[in-house]
Structure formats: structure tokens, C-alpha cells
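Could you put together the complete structure from these sequences and hints?
As given, the protein sequences belong to chains A, B and C, one line each in that order.
Quick note: the first sequence uses numbering that gives the first Met the number 0, first residue 0, plus one each step.
Quick note: the second sequence uses numbering that gives the first Met the number 0, first residue 0, plus one each step.
Quick note: the third sequence uses numbering that gives the first Met the number 0, first residue 0, plus one each step.
In short, the hints are calculated from the structure, not lab data.
Be aware that a few hints might be false.
[To be verified] Some chain C residues flagged as far from chain A (calculated, every beta-carbon gap over 12 Å): (1) P14; (2) R53; (3) F60; (4) G77; (5) R128.
[Claimed, not checked] Here chain A is said to cover these stretches of chain C; the calculated rule only asks that three of the stretch's residues, wherever they fall, bring their Cβ under 8 Å from a Cβ of chain A: (6) 63 to 75; (7) 82 to 92; (8) 95 to 105.
From a predicted model like this one, the values you see are computed outputs, not experimental measurements.
Beta carbons are placed, not taken as given, at the ideal position from N, Cα and C, and that holds for glycine.
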Amino acid sequence: MQEFLQQVISGVASGGIFASLALALVLIYNAMGLVNFAQGEMAMMATFIAFTLITRGVSYWIAFPVTLAIAFAGGIAIQRIVIRPVERAPLLTLVIITLGLATLLNGLAGAIFGYVPRSFPSPFSVQTVDILGAFFSFRDLGVITVSAAVLLLIYLLLQRTTVGLTMRAAAHHAEASRLLGVRVSWMLALGWGLASAVGAVSGIMVAPIILLEPNMMQTIIIYAFAAAVLGGIESPLGAVIGGLIVGVTVNLAGAYLPFVGGDLQLAVALAIIIGVLVLKPNGLLGRPTVRRV
Amino acid sequence: MRRLRTLPPRYWLVLVVVLFFIGLPTVIDSFLSGEWAQALVLAIAIMGLNILIGYSGQLSLGHGAFMALGAYTSAILAHRYKMDYLLTIPIAGLLTGVIGFLFGVPALRLSALYLALATFALAVVTPSLIKRPAELTGGVQGIVLLPPDPPQFAKDAFAAVTGTPMTTDQWTYYVTLAWALVLFWLAWNLVRHRAGRAMRALRDGEVAASASGVNIAGYKTLAFGISALYAGIAGSLFGLGSGFVSPDTFPVALSIQLLVGTVVGGLASIPGPLLGGIFAYFLPIESNQWIPTQTWIPAQIVSTVGKAGPAVTYGAVLILVMIFAPNGVVGLVTAGYTRLRRRLRGVPDRETGQMPPDHQTA
Amino acid sequence: MALLELEEVRAGYGPTSVLHGVSLAVPEGQIVSLLGANGAGKTTTLRSITGGVRWTGDIRFDGRSLRRMHTEDVVRLGIAHVPEGRGILTELTVDENLKLGSHLRRDGPAVRKDYDRVFEYFPVLRERRRLSASTLSGGEQQMLALARAFLMKPRLMLLDEPSLGLAPMIVRAIFEIIRTINGADRVAILLVEQNARLALDVSSEAYVLEVGRVAVRGASDELQGNESVRRSYLGY
Chain A
0 MQEFLQQVIS GVASGGIFAS LALALVLIYN AMGLVNFAQG EMAMMATFIA FTLITRGVSY
60 WIAFPVTLAI AFAGGIAIQR IVIRPVERAP LLTLVIITLG LATLLNGLAG AIFGYVPRSF
120 PSPFSVQTVD ILGAFFSFRD LGVITVSAAV LLLIYLLLQR TTVGLTMRAA AHHAEASRLL
180 GVRVSWMLAL GWGLASAVGA VSGIMVAPII LLEPNMMQTI IIYAFAAAVL GGIESPLGAV
240 IGGLIVGVTV NLAGAYLPFV GGDLQLAVAL AIIIGVLVLK PNGLLGRPTV RRV
Chain B
0 MRRLRTLPPR YWLVLVVVLF FIGLPTVIDS FLSGEWAQAL VLAIAIMGLN ILIGYSGQLS
60 LGHGAFMALG AYTSAILAHR YKMDYLLTIP IAGLLTGVIG FLFGVPALRL SALYLALATF
120 ALAVVTPSLI KRPAELTGGV QGIVLLPPDP PQFAKDAFAA VTGTPMTTDQ WTYYVTLAWA
180 LVLFWLAWNL VRHRAGRAMR ALRDGEVAAS ASGVNIAGYK TLAFGISALY AGIAGSLFGL
240 GSGFVSPDTF PVALSIQLLV GTVVGGLASI PGPLLGGIFA YFLPIESNQW IPTQTWIPAQ
300 IVSTVGKAGP AVTYGAVLIL VMIFAPNGVV GLVTAGYTRL RRRLRGVPDR ETGQMPPDHQ
360 TA
Chain C
0 MALLELEEVR AGYGPTSVLH GVSLAVPEGQ IVSLLGANGA GKTTTLRSIT GGVRWTGDIR
60 FDGRSLRRMH TEDVVRLGIA HVPEGRGILT ELTVDENLKL GSHLRRDGPA VRKDYDRVFE
120 YFPVLRERRR LSASTLSGGE QQMLALARAF LMKPRLMLLD EPSLGLAPMI VRAIFEIIRT
180 INGADRVAIL LVEQNARLAL DVSSEAYVLE VGRVAVRGAS DELQGNESVR RSYLGY
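So, in C-alpha cells, the structure goes:
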């Protein structure tokens, strides 16, 4: 029983990481109907930036928010420079552009930082704490806390502030929002900035676990896709719930299903994606959307 | 005789290109022939992907997985069951095609975006899926194939022309070229006739197409199957050329490479994939040779820049092409050519089979 | 100089031209009706003003040309446009919709007073504050749209067919409030209506559009009194 709990908590920690990246995907999907295939690579870049700051002597808890701010600015920049010129292009064009962006960022990271995996510092020690007979690592608990805090902040921002309101309005009803004086184009840019910052959290949380290198987010993004699809690609809450479910499921499958083991955990994510898309494409919390002709 | 003279210039161009490719190994060294063979391999896979994306409007980011399937099918049949490699090629293609067709069935239920997502996930998972049944696939080490010896008649024929007997690489090249010619011809016919028109109608607007009686489900799954068949044959030929298949030869970067080639060459065109394949294959190689010669790049990062360079270029190319030239090189050339003709003749040009990008809003 | 002036405005959608030279003016604090049959170009006229459609000619608000301005910037000058279909953000709650009306304003106490008045005019909105706007009936949505426009504290309101699809009693209530807003707060209104009689009752001036041009214009009471105009242009 103890071991089961340990695996669950570990899964919740992974889930927090997946949920953050999934939330980033949902934010952009809500704004543009687009899945940003570059979200993982953007997070990876931000993590490298954090790494650079930390190795230059900046303390972790200062580097963290500074990185988020840089990621925020970076997201806005990408939207203004790469996405806005082709706002009206067909969806597939935009998808291919995000793929190009992902490839470009991956290459840039490789060129600037090299491909040698590095260890990334974590403020949480790997020591375990004994709770009710089960051992939980500080790191898992730390990841859960930070992820929860970030997700809560995003929730408050979107639901309780005027800026959040205008962002949501611009995302769902662009034309009607313009008639209310909302600067829709800038709301879109803000959405990208916010998504980039949230994704960066995911990268910084996962780097101590899987080692920092340019390809590190390629598997995480798959888990995030699974989480977003499971929760319903338009639902921020769904991203969180989906993330938790995917995290726990993948962890338990890896631990208890012998044929899954460590390397086929990713295949579990793939199975989730395909299963959801075929059986219930709108996910747990999504709404059926009208098909635009 | 009159018909020959009235053939549009396009046909002559095709003839010239075919002759060029047939004669190529006679003037370049054997190793380079092997490289061109690999470029043709990519071109074949890209041709298949083009049918899927450009003509039936379904975006697959996982065709590297189909190439892997074709490559491993051939490798296993040749290595474990001692089948003649050439025989395995159509088998691998057919098997992959059938699986692709079956894939196409659930794919119908997915919107374009979800299909892209699911196939991308497939591409990322493919290496680990290959590693698992290690008994069959050789696991992490992969399968090594014996390079085929060219048959005597080929050696003699080549010696008659160039003075040296045909090498393995050159034989591989000709096998690949033969398949490429057949498959390109097939694709061209497909596109010209009813299936092609139906698929193009699909791409431009499914609701309208369905209203005009096109069997959407049928054509979409057919497109999936055909594109998978092409990728399977390409994978099989890839194994022939490289002599080796392993999980690491089919990473997600391969699927991106195919996409780049498709986009650069030009969606919904026949010559496009050929240009795309050549571009996608030779770019990393040329840049790897070029980068060390650039003295302004510090020595210690030459290898990382070499490794990263193609990625940066692919990424930039994808972005720039989709922004500025969504119809790829062929589109630019065709548009330029069309404009030139219009100015010279003052009459509208016949439809060239080139589809303009849709202007629906996202 | 009138608050809003349109001068020889031509507009259309792609190759189709809808307005062929429309000129009109809305004086400060007045209600002006824009009438005409379906397809005459009434909605297109409103859309031109707020930049929803490309136009040539000139449109001036408070003397300042609106050429090349983005919709949101035109609106920020002080024009509230309640479009055809009301533009309710159905993904949000009633309260959030209202909030979007007032979100640009900086005068806190005045905003609160305006909220009070809004709930006085439309009590049902207070009841349904926390509910999704999609749960409102047609009439209630029209009220929400009007309330939201009022909260923007505009100098000019563009109303596109406020009576469309609503029961007569509700229509009467809404038009009462339109009259009140205009009277108490001196908000100018350009009112597009199919129901000519209602529009002429509440407005001081009217323009009748026919196939993209102004066919008739004049003081509302004169037009109402003129039987031949009523018969040929207004349908009653």
C-alpha cells in the first residue's frame, strides 16, 4: 500500500509538470484554435536560460521568476514576429509554422549550448520524508507545490482580473470583443506570453529529473498532448485534471505493468491520445465544437 | 508524328529529367550514386506524403513511422527468412500500405489538427516501439543487412558503358530509380484522373465535396493507404541503400525532414517531391561539409553547429516557405512561368494541376 | 458640425458593392433612424463606421476621420455598436459581459452608479448576473447588449435592429429605455430598424436607404405625416 501511495504521489508530481505544459497548449488553442507544436521547445529554451542564470551565480528563487518574465516576453515576441503576419492563413499552415519554430529552437539550443546533457539544480533535496509509513521525496512534494501555485495564479489571473477577462473574451469572441474596445491582437500576444511562461515552469521543474539537453522536452510534450486531449483541449481545468490523470496512470503503468516498463511509458501516452480522440474527441471537459465550413 | 510536336513542353522536360537520372551514375563516383539513391528514397516518401497532405488535406507528421515499418519488414524478411531483398520491397510496401489504410479509418474521425497531433506522437514513440520486440527487430542494435551484389547482366551493361562493372551502390541507385519512376508515374496518373480530382475537392472543402457526391471516407482512407505504401517502399529502399536499420535511424526528425521536403518542393505537385527529396537529403550533408570550412566558427563548437545547423535551417525554411511561398519551389516556378506566358501571349494558361492555398480563416 | 458625419461612403464585401455613396449626419445628442428594406445597406453602414468593412469616402466622428482605424480604436473614441445578433459573449457570464462594457472606464464611482441604473432598467440582469449569458432569452440578450453599451458611456450608440425577433411588450420596454438613455445622458443614437413606425416615433430625423443610396431624408414627424413616403418607402 505504501509503495502504491509513493507511486501515486510521484505520478502527481509528473502530472503537475504535464499539466503546466498542457495548460500552455490550452491557452494558445483557446486563443487561436491552434496546437502550438513548439511549446515544448520554447519551454526548453527558457530552461536553458534559467540554467545560464543559475550557473552565473543567480540564486534559484530569483532566476525562476526572472526566467518566467523572459519567457513571457519571448512568447509575445514570437507571436508578434512569426505568428501575426500569418494570422489569417489556413490552420495547417500555422501548424507547420509551429513545427518549423520547434525545429529552429531545437537547433538553436544545440548550437548555443551543445548536446551534452547537463544536470540542473533543484532547490528541493532528493531526501525523502516519512509520512504515515510511506516515503515521499521532497522533490516530488516541491514540484507539486510549485505547479499548484503556478496553476492557481493562472486561474486567478484569468478568472478574477480584468486583463484575464479581456483575454478570455478575445479568445472566444474576437469580433464582438473588438466592438467592446478590446485590443484583440494584443490579447493574443498576451496569451502567447502567458503560455510561454507557464510552459517554462514545466521545463524548470522537469530538468532536474531528466537532465537538461535540447531534446529534453520532446517526450514531455507528448505527455502534455495526452493531458490536454484527455481534459478537453479548450478547457484549462481539463488540462490540469488531464495532467494529473496522465501522470498517475503513466507512473503506475510503468511500475506495475511488466510489459510497459520504463521505455514504453511514452506508448501509454500515445494510447491515451488515440483512445481519447477516437472514443471521446472532446475529452472530459470539452464541448463539441461547431465545424466551420 | 504530329502528336509528338504538339506535346506540351512539360513532357519534354520530364524526358530530360528521366534521362539525366538514368545517366547520372555514369558520370559521378560510386559513393555519390549511393547518396543520390538516398535522396530518391526521400523523394518517394515525400511523394506519398504529398498525396496525403497536398491532395487530400490530411496532415501526417508520422510518416517516418511508416518508413520504419517498411524498412523493418524488408530487413526481417531478408535477414531472418532469407528472402531475396528485391522481393521484399513490394511486400513491405503492400504491408505498410494496408496498415496505413487501416490507420486511415480511425483517422477519419479526427480533425486535421488532432490527426497532426496523433501522428506526431506516433513519430516520437516509434523508436521505443521498435526497440521493444527485440527478438524480432534486433532491439537497440537493429539489423545489419548484407549489401546485395549486382546481377551479372547489370555489371556487364554498366561496364560496356563506363568501363567499370557496376558497384553495389550503383545497383542500389538503379533499383531505387526504377521504383521512383514507377511510383511517380503512378502518382501522376492518380492525380490526373478521377481519384485525384476527388482528392483535390476534398482538400479544398470537405463539406462542398461531400455535397457533390464524393465518397469522402473512401478517398481519405485511400490516400492514407497510398501514402503509407510509398513510405513503406521508401523505407525498404532506405534499408537497401544503407545496409542497416535501427531504432535510431527513424527518429521524429525524419518525419520533420519529410515534411520539410514536401513543403519546399510544393504541395500538390508532382515534380515537387523530387526537388524536396534532393533538398532534404543534401542540405545536412552539404552544411556539414561547409561548416568546418568557415573559419569564423570557433573550432570547439564546429561539431555542435554542424549537428544543429540542419535543424536551424529546416526550421527556418519551414517557417519562411509557409509564410512567403506556401506552394514551395514548384509553386514559385509555376507562378513565374505562368506570369511570363501571360505577358508573352496575353491568354490565360491551362490549369497546371497546381492548387492555390485555401484562403479560409483559421 | 455633427457628431457623426458620413460623406459619400462606398463599401462592400469583396467584389460586391453594397453602399454606393451614402451621406448622413447624426447631430450631438439626437436619435437618427436609418430605415430601408432588407439588403438596402443599413447594417453595412453601421459596420463601416466601426471598421468592420472596408469603405471609401469619409466618416468623421467629432470632426476626426475614422479612415484606416481599427475597430477597437474607433470604439475607444466613444462609439458603442450593438451589432446585428447582439454580439453577446456567450462563453461568459452576464456580469462578465457587463464588465466588458465598463472595462475601459476609469471613473469608479460613476461606473457604480451606472451599474445601479442598468439594474434599475433591466432587473432581470441583476437576477441572472452570475449565470452564463447563453441562458438568456432573446429579449434578455438584447437588454444585456443595450446595458453593456450604456456602460461604455459612449457619446454615440449604433443600434442594429434592436426589435428583431422580440415580442412587442419587450420591444416597447427596450425602446422606452433607448429614449431614456438618449434623454438623460445625451447619448446620440444611430438607429437601424426594419420597424419604421417604432423608429420614427423615437427619432428626430430619419434617412431611408434604398439599394445603397439615401432615397429620402427628413424630420421624423414629417416623414410620418407624408403618406406617399410611408407607402412607397416605409411599408405602411
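Earlier hints that do not hold, by number: 4
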